[in-house]
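2 protein chains.
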Amino acid sequence: MTSISFARGFPGPDLLPTDEFGECAKAALARDGATALNYGPPLGYLPLREWIADRHGVPVQRVMITNGSLQAFNFIARHHVQGGAKVFVEAPCYDRSLQILRRLGAEVESIPLSDDGMDLDALEEALAATEGPTLVYTIPTFQNPSGRTLSEPNRHRLLELARARGATILEDDPYGLLRFAGEGLPRLFELAGGDGVMFLSSFSKTVAPGIRVGYAILPEELMGAMQTLVFENYVSPVMFVEATLYEFASRGSFDPNVEAIQEGLRARRDAMIAALARELPEGTSWNEPDGGYFLWVELPGGLSAESLLAQADDVGVAFIKGPDFFFHGGGESAMRLAFSYERPEAIDEGITRLGRLVRDALAVAA
Amino acid sequence: MTSISFARGFPGPDLLPTDEFGECAKAALARDGATALNYGPPLGYLPLREWIADRHGVPVQRVMITNGSLQAFNFIARHHVQGGAKVFVEAPCYDRSLQILRRLGAEVESIPLSDDGMDLDALEEALAATEGPTLVYTIPTFQNPSGRTLSEPNRHRLLELARARGATILEDDPYGLLRFAGEGLPRLFELAGGDGVMFLSSFSKTVAPGIRVGYAILPEELMGAMQTLVFENYVSPVMFVEATLYEFASRGSFDPNVEAIQEGLRARRDAMIAALARELPEGTSWNEPDGGYFLWVELPGGLSAESLLAQADDVGVAFIKGPDFFFHGGGESAMRLAFSYERPEAIDEGITRLGRLVRDALAVAA
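In order, the protein sequence lines correspond to chains Y and R. With our numbering, the residue at position 84 of the first sequence is 84, and numbering never jumps. With our numbering, the residue at position 357 of the second sequence is 357, and numbering never jumps.
Because the hints were derived from the structure by calculation, they are not lab data. Remember, predicted model here, so these are calculated numbers, not experimental data. One should not assume that every hint holds.
If chains are identical, the list can't say which one is meant, so a pair holds when it fits in one copy or spans any two.
In silico lysine to any residue, SDA-like type, Cα no more than 20 Å apart, as pairs [to be verified]:
no.: 1; residue 1: Lys86; residue 2: Gly329
no.: 2; residue 1: Lys26; residue 2: Ser253
no.: 3; residue 1: Lys26; residue 2: Ser304
no.: 4; residue 1: Lys26; residue 2: Pro59
no.: 5; residue 1: Lys86; residue 2: Gly166
no.: 6; residue 1: Lys26; residue 2: Tyr39
no.: 7; residue 1: Lys26; residue 2: Ala249
no.: 8; residue 1: Lys26; residue 2: Ser250
Taking the hints into account, I'd like the entire structure generated from these sequences.
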């Protein structure tokens with residue numbers, strides 16, 4: 001049986017701009033091949049940096065392009081942790097970021113996530129009890145793994161808290177543009193006027209992950225340290241792919257492409273929500289995100305997601321178990337479902353399989 | 001005055017396959033776009049890994065593709081230094097590798113370089129005086145920065161030494177295919193039957209640096225640790241560019257492209273050698289490499305390369321001063337000249353400027 005995957009956050013093949021991107025590569029090399037095929041500056045291909053700076057209304061000196069935004073997270077985390085910063089993360093939190101913090105030996109404190117984002121009472125208390133530099137890492141919009149979004153009043157409050165306590169915020173926003181319902185919310189970075197907030201984003205979800213182009217908007221005084229890290233890792237990022245992406249962006253294809261992705265994701269989410277309501281037994285709960293890739297399921301009767309996962313392959317469905325997203329434990333009875341990859345019909349079938357798995361497990365437990 | 005650069009090891013724009021690479025990108029996406037634009041496996045695009053494995057006669061499991069070969073050096077060095085290995089480097093040695101070792105806090109010992117590569121008497125003595133794991137890092141062919149090549153008898157002796165002392169060799173070979181004169185020499189990796197030697201190479205010099213595709217051939221048991229490092233840095237390398245490069249390689253363009261580069265480099269080296277002989281005062285010495293990007297100049301009368309460099313910009317010429325390539329000091333009166341970037345006529349003019357600079361400095365010193 002072909003497995004239906006709700007596991008990693010991959011876009012479906014139908015959401016990738018395959019034909020046009022090839023055209024853009026050819027045009028980019030015809031236009032600027034000598035630059036695109038040689039070594040370039042450590043912070044990236046200048047026209048693309050300018051395009052990004054322009055969209056965010058910041059000086060180009062603050063923009064660093066990296067091989068995916070996780071690379072920027074790695075560099076920034078390394079810099080701050082070596083500078084003695086304690087790191088506050090959401091619980092649950094993106095598993096790859098947690099893994100980097102673990103490897104760095106960072107001092108990490110988990111802040112629970114409520115339905116509308118980070119629990120700010122808990123954060124306030126934790127910040128008050130902390131001396132020294134602090135970094136607050138958050139994915140405020142369509143969070144990975146939970147799909148949850150920080151409400152607008154809470155965005156203001158988070159900024160106030162951080163300001164009052166001298167904490168630096170690291171806002172990771174790969175999904176913000178993928179809103180397919182509801183009202184858009186301002187980024188923390190915007191609300192803060194670009195001050196006290198470092199911003200990460202990526203073209204993985206708005207164009208394609210296989211191009212590995214992410215970026216960070218940072219205080220200018222960090223750029224020296226970032227350049228050194230670039231020189232010690234990959235000399236310069238991939239000029240060829242950045243020039244191709246710039247061609248894609250400058251000919252006006254970026255926004256229509258995002259709209260097409262939004263449509264595709266909306267249909268997938270709708271299929272998943274409908275199937276969950278139909279197939280999952282009473283006592284199961286999940287959220288209905290207005291964008292992004294993921295939703296978060298709490299299983300009924302304290303079922304173990306890990307035990308379910310052990311049988312999931314046999315019935316042809318895949319997901320990530322909750323505990324993978326917690327630094328200090330938790331999520332035993334939860335799972336992350338990505339609705340980004342499979343088409344609606346496959347999602348329907350996959351959730352049917354998942355529902356059977358859960359009902360069977362409940363029956364055994366009873 | 002436009003500066004003529006013999007500084008960084010960039011290929012000239014005329015040595016880049018600008019038109020064809022654009023065609024290949026288009027064809028690669030038409031053929032395998034869904035794979036090329038999505039996340040991929042941490043060790044790289046499988047068809048390209050297989051092509052590399054095939055050329056080197058190794059199982060594909062031993063091949064890791066990275067964003068340029070320096071990224072692989074970084075990962076390998078990290079792994080070995082954290083495992084307690086002492087690292088032996090050539091003096092002079094590639095500056096970016098030294099910088100990585102410095103940052104890692106590695107225990108490093110410099111082994112002098114003679115005209116035909118690493119001084120093996122010195123290495124033998126150093127290895128005999130060392131306990132614990134050791135890594136010998138070498139660029140045996142058209143070395144960066146010196147352009148020197150380890151002779152064939154010395155290749156055998158180096159392998160024997162390493163074997164007798166249980167040292168691991170890390171062979172870095174970005175320039176080996178760029179031989180435009182003389183007889184080819186076997187790689188250390190080949191002579192060793194792939195055993196006890198880790199091998200690094202890159203498509204930066206044989207195709208284009210702006211694609212940032214390098215690779216390592218490693219013992220299979222290292223691959224788990226390498227994959228973890230990939231996941232913590234960039235998730236997967238750039239599938240899009242690797243699929244494009246595979247298209248370029250599989251349609252048979254790789255070898256003809258290398259031949260065209262060899263021709264271009266030969267003309268550049270010839271121009272540089274002729275101009276050096278004409279313009280540099282007696283007492284200056286340099287080597288005449290049969291390939292690669294660089295040659296190494298020893299200045300007359302103990303002139304300081306650093307002082308010369310301070311005036312070089314004014315006369316419109318650029319180079320890298322010797323001391324940048326030494327971990328423990330040295331090279332004060334030496335410089336690296338890259339003949340890879342400028343065209344022969346510009347090389348002639350640049351060396352004329354350099355000759356004037358050196359003669360003026362000698363006159364002041366007299």
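* Where does the structure disagree with the numbered hints, that is, which hint numbers, in rising order? -> 3, 4
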